Every structure is written in C-alpha cells, then in structure tokens.
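Visitor: Here is how the chains run, residue by residue.
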Amino acid sequence: MTDATTPVTPRSKKSVSLTSPDARTQKRKAAEARFRMYGIAGIATGIFCLIVLLTSILASGTGAFQQTFISVQVYLDPAKLDKKGNRDPADIAKVSTFGYTPLIQQAVFDAVQQAGIETPLTRSKDMKALISASAAAQVRDVVIADPTLIGETIGFRILASSRVDGYLKDRVMREDVARDKNIDAEHLDLVDALVPLGIVEKTFNMDFITGADASESRAEAAGIGVAMMGSFFMMLVVLVLSLPIGVAASIYLEEFAPKNRWTDLIEVNIANLAAVPSIVFGILGLAVFIQFMHLPQSAPLVGGLVLTLMTLPTIIISTRASLKAVPPSIRDAALGVGASKMQAVFHHVLPLAAPGILTGTIIGLAQALGETAPLLLIGMVGFIASNAPDGIASGLLDPNSAMPAQIYEWAKRADPAFYERAWGGIIILLVFLISMNTLAVILRRRFERRW
Amino acid sequence: MPLLWLLLLILALSVAGFVLGRGRALASAGGDSRLLHSLPVYYGSNAFMKSVVPASGLLILWMLVQPLVLENRISGMIPQSEIAEGSSMGLVMSEVRRTAEGLDNAVAAGAMRAEDAFSPTADTAGITQALKDAGQVVTSEISPAMLRAAQAYRQMSASSGLLMSIAVLVVAAAGAAWGIRESGRDFRARNVVEQGILAILIAAASVAILTTIGIILSLIFNTVEFFRLYPAADFFTLLEWAPSFSGRGGASSLGILPLLWGTIYISIVALLVAVPIGLFSAIYLSEYASARVRGIAKPLLEILAGIPTIVYGLFALLTIGPMLVSVFGNEGLGWMGGGRSVMTAGIAMGIMLIPFVSSLSDDIINAVPQSLRDGSYGLGATRSETIRQVVLPAALPGIVGAILLAASRAIGETMIVVLGAGAAARLSLNPFEAMTTVTAKIVSQLTGDSDFASPEALVAFALGITLFVLTLGLNVFALYIVRKYREQYE
Amino acid sequence: MNDMRILERAVDTNEVKIAAKGVQVYYGDTHAIKDVNVDIQDRTVTAFIGPSGCGKSTFLRCINRMNDTIDIARVEGDIRIDGEDIYDKRVDPVQLRAKVGMVFQKPNPFPKSIYDNVSYGPRIHGLAKNKAELDDIVEQSLRSAALWDEVKDRLNAPGTGLSGGQQQRLCIARAVATEPEVLLMDEPCSALDPIATAQVEELIDELRQNYSVVIVTHSMQQAARVSQRTAFFHLGNLVEYGETGQIFTNPEDPRTESYITGRIG
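Residue numbers (this note's numbering), protein chains in the order written: chain W, 906 to 1356; chain L, 239 to 728; chain P, 5 to 269.
Please note that a few of the clues may not be correct.
Calculated Cβ distances over 10 Å to all of chain L for the following chain P residues [stated by the list, open to error]:
id, residue
1, D75
2, V98
3, K103
4, A132
5, K133
6, T201
7, D257
8, E261
Calculated pairs, BS3-like style, for lysine-lysine (alpha carbon to alpha carbon, straight line, at most 27 Å) [claimed, not checked]:
id, chain 1, residue 1, chain 2, residue 2
9, W, K999, W, K1030
10, W, K934, P, K116
11, W, K934, P, K135
12, W, K1086, W, K1229
13, P, K116, W, K932
14, P, K116, P, K25
15, P, K133, L, K722
16, W, K932, P, K133
17, P, K38, P, K93
18, W, K1229, L, K536
19, P, K38, W, K932
20, W, K1086, W, K1033
21, P, K156, P, K135
22, W, K932, P, K135
23, W, K934, P, K38
24, P, K156, W, K934
25, L, K722, W, K999
26, W, K985, W, K999
27, W, K1246, W, K1164
28, W, K1164, L, K536
29, W, K934, W, K988
30, L, K722, P, K25
31, P, K116, P, K135
Hints were generated in silico from the structure; no laboratory data involved.
Small disclaimer: the values here were computed from a predicted structure and weren't measured.
In this text, a Cβ means the ideal position worked out from N, Cα and C, and glycines have one as well.
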C-alpha cells in the first residue's frame, strides 16, 4: 500500500447547492425525461396497435351477425312444381332450383306491386338482383319435405342478395353500383322503399354461427358452423392425445429421467420443437400422415394429429413447471411411509400439480385452435364443407374445414362481402380464445397453491 | 375384420386377463390379500398389460408395414409402359388403390357381381363402365394390367388383414395367459407393472424425438427426390422464381434467392417495428412503471401475443394494406401499386412480435442484478444513464438472443405473409412492392393443383428444409446466448 | 481491541455536515426508523452499529435518498446537508448522490473495464474536460483507494475479474472519483476476508482527511477501529450517539451495554 501514503488532495472543490440545479444537471434531466418519453411512447404504440386491431375487428366483423331478409308470400304453383299433378315425391324432387326461382321472383314482384311502389322495374325477372341464389334452395327444401304445400301460398323469409345486404350495411355504395353488373341504382331505390314497409329487414343472423360455408357467389349464405365442428373435432383429438402423452412425458422427464445424454437430447429437442415454424408441422403432416400413412385428406383427425405434435412441447413445458412447483417434501413424505416412487408420483405429486397442468393444457389448446398454416397443407381449405358431421367417426374422418382455415378461405375470395364474414369469423374465434384463456386464469387463481 | 372389432376383442381378452390374473393371485394366497407381495390389482394389471401392449404394438407395426410390402409386390406387376409420360409409379399406385377400393365398394353396394369384379378375365371396358355407374371414382379407362394389379391388391390386402387379425389376437391371448400364469403370491407384480408404466412414460417422452425424426426424414426424402428432378445448383443460385404450372412443357425456374430475399426483407421490417417498440416498452415496464401501470400495461401488450396469426394476416390485408395505399399509393405518393407489400406484411408481423420482444427483454432486464443499479444510482447517475450505460450493456447478450428468437419467429411466420405480402417473387429494394417469402411459397406449391411428384410441388420440401435449418440454427444460437447470459448472473 | 487507542483518538472538527431531525421511515406498513435525530460531523468517521434489522442501513440510505428507488419506502422528517434540506422538492436526488457517494455491502463493479468503472461517475457528471484530465482523475481515485499499484497495468481488464477485496476498493475508487463530500459505506467489509478488510479499514482512515465518512457495520471491533463517533441503533430507534471511546467504554444506555457485551445482537 505504498500509494496510500500519497496525500490525497481534493481537486477543484466547488460545493454546489442542491436546490439550484446547474446547466449540466438540467440537460441531464431533460435527457432523462426524453428517455422516459421513449418508453411511454413504446407502450402507447403497442397499446394503440392493440386498440386499432380490436376496433377494426369489431367494426368490420359485427356486420356478419346481421343479415338482410325479404319476407314474401310465395305461391307454390302446381303447374311449375308438379307438372304431372300426381304429387309424387320423386317427380317433385326432379324439379331443380331453377324451377323455383321464377316463383320467388314473382312473389317479390307481387309484394312490390301490392305496396304500390313506383319503380321502373316492370318485370318480375328484374327482382333477381334482390334475391339470394340460395333462396330457391330454401323454398325447394320446404316443398320436398312436405309436398302437400304445393298449390298454396306460403310465407317465407328469404335471404336478400349480398349486394342488397351490403347496401343496408353501407358496404355497397350508390357510387359503386354504376360499375356493378349485379345490381342497379333502381334496385337500391326499391330497397329503400321496401325497408320502411318491413318487407326487407336486417336482423340477427343465427345462420352465420350455425350454418355451412357457401359457394363464391353466395356470400350472404355463408356460415361458420360446420367449420366450428371441424375445429371441435380437431381439439378433441388434440386433447385426447396431447394431454396423456404430454403428462406422461413430463412425469418421466421431471421425476424419473436419469441425467444422461438421452435425457439431454429429449430436453433440447422439446425446447427446439417449441420454436419450429408451424408450417413445418404442416409439411410433416402432409408427408407422414397423408403421403405415407394414407389417412384421408382434409380430415379433422389429421389436423388434430398435426396440432397435437405442435402443442405437445407447450404442454410438456408447462406441465414440467407445475410438477417442479410441488415441493420435494411431499415426495419424501410419501416415500417415507413406504410408497414406491411411482406411487408417490401418481398418488401425491400429480394430483397436486393437476390445476397447473390443466391450465397449461387449456392454453396449449387455445394456441392450437387459432393455428392455421399447417391446416393449409393438409387440405383443410379450398373446398366448401357443406354438411355438418353426423357422428364421431364422420366428424373425425370426413373432409371438413376449421375456423381459422375457413376465415382464410373467405379472406382469399374476390367478393368483399366475404371479408365481413372473415372478420365475423374472427370475432367468434376470439370469443373462444378469450373464454379459454379466462378459464385458465380462473383455474390458476382458484387452485394455485403457493408452497 | 373391421379395426374397431379387433380393438374390442383385444380389450376383451385383456380384461379377461385382468380378472383371471387377479383371481389366481388371490387364490394362491388363500383369499387373504395380505399374504400377497403386491396389491391384487397389480396382478390383474400385469396380465392386462402383457396382453394389450404387445398386441396393439403388433397391430400398429403391421398396419405401418403392410402398405409398404403390398406396394412393393404390386409395383412389380405393373409394366413400365403403364406409367404414362410425366406420371410416376406413385401416381399409378394410387390409381390401383382407388380401383381396388372401387371394386370392393361396387360389390358391396350390389352394383356389380363379385364374380365379374374379381375374375381374372374380366373385360376392362365393362368394369370401368360398371364402376362409373356405381358412382365410384375411377380413371377414364382401366387398362388390363391395372385391373390385374387392383384385383391382386385387394386380394392381398384382404388376406393380409385376416392374417393380421389372427396374429394380433393370438398375441393378446398368449400375453394374457402369460400374465395369469405368473400370478402367484410371491410374484412381484407391482414392480413389474411399474416397470411397464415407466416404459410407457419413456415412450411418451420419445414422441418429441420421433416428431423431430419425422420432420427431418420427410423433409430430406422429398428434398432428395426434388434434387433428382431439378439441379440443386440452380435451386440455390438462380435469381428467378417462375414455376411453370402448365405442366411439363415449359421448364420452371426455381431459384430460392428471391424468396429468401423477400423473407429477410419482411423480417427486417418486422424487427424494425417490433424491436424499438418492444424494447422501450420493456425498459419502461421494468425500470420506470409503478406496479399498477405494469399490472395493466403488461397484460394488455401480451394480448397481442395471444391473437392468432390469421387475424394479423387479415389485419394486414384489409386494414394496413388499404391504409398504406391511401398514403403511398397512386393517389398519394405513387410508390405503391397494390395493398400487398413488404411493408404491409412487415408492419403486421412487427405488431405481432412486440409482446414477444418486450416480455423476453423484460425478463432479461429484470435479471440484471439490482446491485448494479444501486451502484450507478449511488454515484449520482440518472435512471436513463443507469439504463443506457449499465443495465443495457449488461443485458445486451440476452437482448440480442431475444431479437434472434423474434427473427426466427418472423422468418417462420406464414399466415401474415400469405395474406399480406403478395405472390410475386421479386428481387427489389422497394418496400412498397409485393414480394413473397419461403413460407408463402411452401403453401402455394403444396396447395395448388400441381401433381405431387412434380418438381413444382416437391420444391416445397426443399424450401421447408431451408426454413427448418434457418430457424433451428437461429434458435439454437439464441437459446445458447440467453443461457450463457443467465448463468452469468446466477 | 486496543482501548487505549480509542481513548486517545481525537475528533478533528466539530463542523456539522449532516443534520437529521425527527426522521421516520416506513416500508409499506412497517415502521422501520422511529424519530431519529443525529448530527454527523465533517471529516469524521461515524459508525452506525446495532443488531441486524435495527434500521442502520435504512437510515444510511436516507442520507443519499437511495430509498427513493424502492417503491414502498416513505421517508418523513428533516435531513440537512450543509444546511440544505435534501428532501426538499427542488432537490434533484441525482445531484445529491453526486455529493453523497455510497459504497455497498457487496462489491458491485459494473461489467466494464476497471478504467470505465472509475471514470463512469466523472463522465456522467462532466468533471473532466478532456481525456488527459479523466486519466488523471482515474489514477488519483485508484491511488486514493490504494488500488493503483495493483491494477495500473490492466486498466482495460474487466472490473469483475478482480478479487473480492480489490473489487470493493474499486468500488470505493469509483465513489471517490465523483468528488463526493460525504461517503456512505454500507457494511463495506462484510463480504471480504480479514486481509482485505484490514486494507479497506486503513483506507477509510485515510479518506477521513477529505470526507465525512459514515459507515454501517456489524462488527463492533471494526467500529472501534475506524470511527471517531458511533451511533447505536436498536429496533429502529437511535439509542445512543457519542464519541466512539465513550460508547464502548462507558455507555449510558443499558441496551448499548447489553449489545456491546454481547447479550443482544
């Protein structure tokens, strides 16, 4: 400590007052305030993005839950629907929807006439632009179900065309119809006149939630119900497979695995699988389940298998965390009364970790529910899933879509009327995700145990 | 025998094994379970396990191997001349399978007589017609060789199915018998059952390894197939991506570079959005915010992470795109042709990554020991000086790791680019132009109508392996950095 | 313990540097410091002693407002340095801490080079006009922390690579480099071995020439060795404050006596 002997002389000692900051301190304070502002700006931007995202979802999507209907009295003309006059169901079934279309157009035209609305549209055919193409099928289904109705005049609530629907929802503007070959300004005038009469009205649309997808030209009839069933069956597969496999794998890794290379390999594997892009799992599904094992394309079973492989790492990671949170003293206590290690784990550790495992599983399921990319590769888009499955086997094996895949399908279509459906589908998807996450949070709050 | 029945039979045999095994063990102890080595239920479980596990293992193995063996045998029956120009063995085989299935269905539905359908001399034109009438999907004309192959196929698969049922049931019964025989008072049933459970646990843990192996194998096999049809050098060096969909005539240019460029460009835009916002949010949340602000802002930001990517895709396509067009489009600055562009996808992806960057950085900043901050405050440093000169340099490796993880996410992201980035592969610097990415092309090459064995479809696997290697490399590296960083302060 | 030396030690000055009146500290609902009044003199080593949890460190952290960085801490009362109320609204804690340096219990060098560690304070406070001056400050500070000879050849080596005692002296050099008027030391030797402790104690005695040093310590021997004045804290109260010799040889309060003789602690 030779240097300590050097007398330490205080350098330029300027005793500053604490209450009056000097110029430099003020500059530093300004820098401090600026830096703090950056932080606030960062958070504000993030939250602003969230708000923009949520408002654009709500603003664009709520329209899908409402639909425009036309209430008309349709005269089921026997001359058109049952030419032979024998009410034979087989003959009646042979009349295609083309046979029904004129009747409906006539019915709408009559309604216009009765209401005494002045319109330059003088032929019943001119009503075509107002009516959805699926209206004929709707009427036909009723007639085939009960052929005795033929000859009577029945009240129907038929779907209006997507242009009329869009006009009432401010999607189709008067300026645009000049270029639109599907509808003219006169039709819009007519709609304006029919709305106060209650003949054309916009009401809640249950069919969007329960119905099936429709072809490109019938945006007004498309629903997400069947895709929801597809998602449901996929989640069933994911739950049934990933929960037991995930829990078993976690128990092994956390409680039994010896510290060796094999265990290390598994651990590294799981960590990395969690970060593999989801599209790669789609490639795996395509190559292994469809190409190699010849499982049916577009089947929720295959989708479920792929999503299982994808969610397994998530579930394993969260399950291991819950197992780790159970204190060793519990295991020691069980072993101390002569239980085998297996008994200690299954009788004591696992039940205590169950709420945590459940929470992790729900969050994993929510993740899987929103996943789209792998579903594209195993063919769960690009066709119209028109029939709801009628049993577990058909639910698992018949081609179907899934909610996110259906949304993607709608987003790809040319008609902007489908965009509204896509946003509406997102609202439904988010409602599911929010409910699942809320459930997870509640479970955690309610059952979480702090040791 | 239908699979369901087979499974039920196996189950029945095993349950019988359970009951008998348990009974035999109890009997050996004269009904006094205290004299047994293990609880009676373990003896039953032992027999159950020995019956179910080998039987279902055999079943699964058989079902995996059977198609391979059959295919091998059948493909020998099909002359090379049957394989049409541009077609492949795989396609012909699926044709054979479909025909065989059609025959079975038609006979089952009563549309055809079994003698006709399965006679070796059947007239092919007649059969084709009959199948079509029965509503079965078949090709325009079934050739005689095909019909033979199809008949042989259904013959073999039927006999193989029968053989399988018998073998599986014999194994199940033998296993049950073995388990029952063992059940005696001194048999250590619990230990054996626990060994079995442990084996099941190990098998479950190995699913992760199997998944990785499955990914690697399916990528490698198909990529090798692709490189057989298309030169690897071209794939890695060509500056053009122009698959020909018309078929075999026009040669496709399948260069990965434009796709990689699009991927990287979009990822860079995404990181330019996400890193500053995420990092400053993390700094504010961990260093400035009160517990209350933190309790509100952090979960709000994390909602962004829970939103599915399809939502961001739609947001890019329908909200961000039109918004950008109104500013940079032809009516504004004129830089942007359509709503889909690098910026559109990049911004949406950036928003998606904000919570990812912020929560990872938050963890990492929190791991910097408080004593370093105290040391700096004690010297009269302001908070921002402390953060910039002490906390951030100390946290830098961890933050770099977090950014790399975010980059890997961006590179692998699919839905946002499929909807927001466009379909044209382009090597351009203009961020307002539409470009495409590796992931978007994987989707389009595998969902189009192109034939699965063509280079245009197989290229998706080569793209997939590139993507896999790229993201895996980034991840391993990033996790390594983050772990090193954590160890430093533990 | 050399009692003779304690008795002989004179207090150099009677100039009051820090005056605390009616100081109360709350951590959430806990009342950590109860009505403490103390005058700390310039160019003196003042030791705070007492059993752990008695509030001595908490009180020390009030003097440079380090408690501000803890959300739940609340300080009441009046602490003046050179007659200025440091809890006045106009006072910038940053400026205060430049004037009142602090050395912590555990050596906490920044993960930077030795040079950067020492020059950090002068840099942020703008004490040097150029590199040469900065070099000079670094050298002087390291010398006054008795570390110069050991590190002068490796100023660019990371500060975290030094031994524990060297790290603590580096932290002292770092504190000295900002030219504080008061130096607070929170159990600076508790993480050090006896040899390093001796070095640091010797250093504290040197520093007394220029600074008012306040040291919190667990060890009564250390307080007796280095300080001129001693304050004994117990359960948040300042029990007794006076000249070190007197506190250790002739305490007035029975609690002080019990502590010194080892009956509470």
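Visitor: For every hint, state whether the structure bears it out.
Guide: Against the structure, the hints:
1. The claim that P/D75 is not at the interface with chain L is violated, since a C-beta of that chain comes within 10 Å of its own (minimum 7 Å).
2. Residue placement check: P/V98 does not keep its beta carbon more than 10 Å from all beta carbons of chain L (closest about 5 Å).
3. Against the 10 Å criterion, P/K103 falls within the reach of chain L, whose nearest CB is about 8 Å from its own CB.
4. With 10 Å as the threshold on Cβ separation, the claim that P/A132 sits away from chain L holds: the shortest Cβ distance comes to roughly 15 Å.
5. No Cβ of chain L approaches the Cβ of P/K133 within 10 Å, the least distance being about 19 Å, so the stated non-interface status holds.
6. Separation of P/T201 from chain L is adequate, the least Cβ-Cβ distance of about 19 Å exceeding the 10 Å criterion.
7. The beta carbon of P/D257 is kept farther than 10 Å from every beta carbon of chain L, the shortest such distance being approximately 32 Å.
8. The beta carbon of P/E261 is kept farther than 10 Å from every beta carbon of chain L, the shortest such distance being approximately 34 Å.
9. A C-alpha spacing of about 23 Å is found between W/K999 and W/K1030, which places the hinted pair at or below 27 Å, so the restraint holds.
10. In summary, the hint linking W/K934 to P/K116 is supported, as the alpha carbons are separated by about 25 Å, within the 27 Å threshold.
11. Taking the CA atoms of W/K934 and P/K135, the gap is about 24 Å. The hint holds against a cut of 27 Å.
12. Distance hint between W/K1086 and W/K1229 is unfulfilled; the C-alpha atoms sit about 66 Å from each other, more than 27 Å.
13. Restraint check for P/K116 and W/K932: satisfied, since their Cα atoms lie roughly 25 Å apart, inside the 27 Å limit.
14. Pair hint P/K116 plus P/K25 does not hold up; C-alpha atoms about 40 Å apart against a cutoff of 27 Å.
15. Only pairs whose Cα atoms come within 27 Å are accepted, and P/K133 paired with L/K722 is rejected, the gap being roughly 39 Å.
16. Straight-line distance between C-alpha atoms of W/K932 and P/K133 comes to about 17 Å, which keeps the hinted pair within the 27 Å bound.
17. A threshold of 27 Å between alpha carbons decides the hint, and for P/K38 with P/K93 the separation of about 23 Å falls inside it, so the pair holds.
18. For a cut-off of 27 Å, the pair hint linking W/K1229 to L/K536 stands: about 26 Å separates their Cα positions.
19. Distance restraint check for P/K38 and W/K932: the Cα-Cα separation of roughly 38 Å exceeds the 27 Å cut-off, and the hinted pair is therefore not satisfied.
20. A distance of roughly 12 Å separates the Cα atoms of W/K1086 and W/K1033; the hinted pair therefore holds under the 27 Å criterion.
21. For the suggested pair P/K156 and P/K135, the alpha carbons sit about 17 Å apart, so the restraint of at most 27 Å is met.
22. At most 27 Å may separate the alpha-carbon atoms for a hinted pair to count; W/K932 and P/K135 meet this at roughly 21 Å.
23. For the given pair, W/K934 sits about 33 Å from P/K38 by alpha-carbon distance, which is inconsistent with the 27 Å threshold.
24. Distance check on the hinted pair: P/K156 and W/K934 sit about 35 Å apart at the alpha-carbon level, beyond 27 Å; violated.
25. Restraint check for L/K722 and W/K999: the C-alpha separation of about 75 Å exceeds 27 Å, so the hint is violated.
26. Between W/K985 and W/K999 the alpha-carbon distance is near 12 Å, which keeps this suggested pair within the 27 Å criterion.
27. A distance of roughly 17 Å separates the Cα atoms of W/K1246 and W/K1164; the hinted pair therefore holds under the 27 Å criterion.
28. Simply put, W/K1164 and L/K536 have alpha-carbon atoms about 37 Å apart, too far for the 27 Å limit, and the pair is violated.
29. This hinted pair does not check out: W/K934 and W/K988 have alpha carbons roughly 92 Å apart, beyond 27 Å.
30. About 49 Å separates the Cα atoms of L/K722 and P/K25, which puts this hinted pair outside 27 Å; it is violated.
31. Between P/K116 and P/K135 the CA atoms are separated by roughly 18 Å; this keeps the pair inside 27 Å, and the hint holds.
Going down the numbered hints, you'll see the structure goes against 1, 2, 3, 12, 14, 15, 19, 23, 24, 25, 28, 29 and 30, while the others check out.
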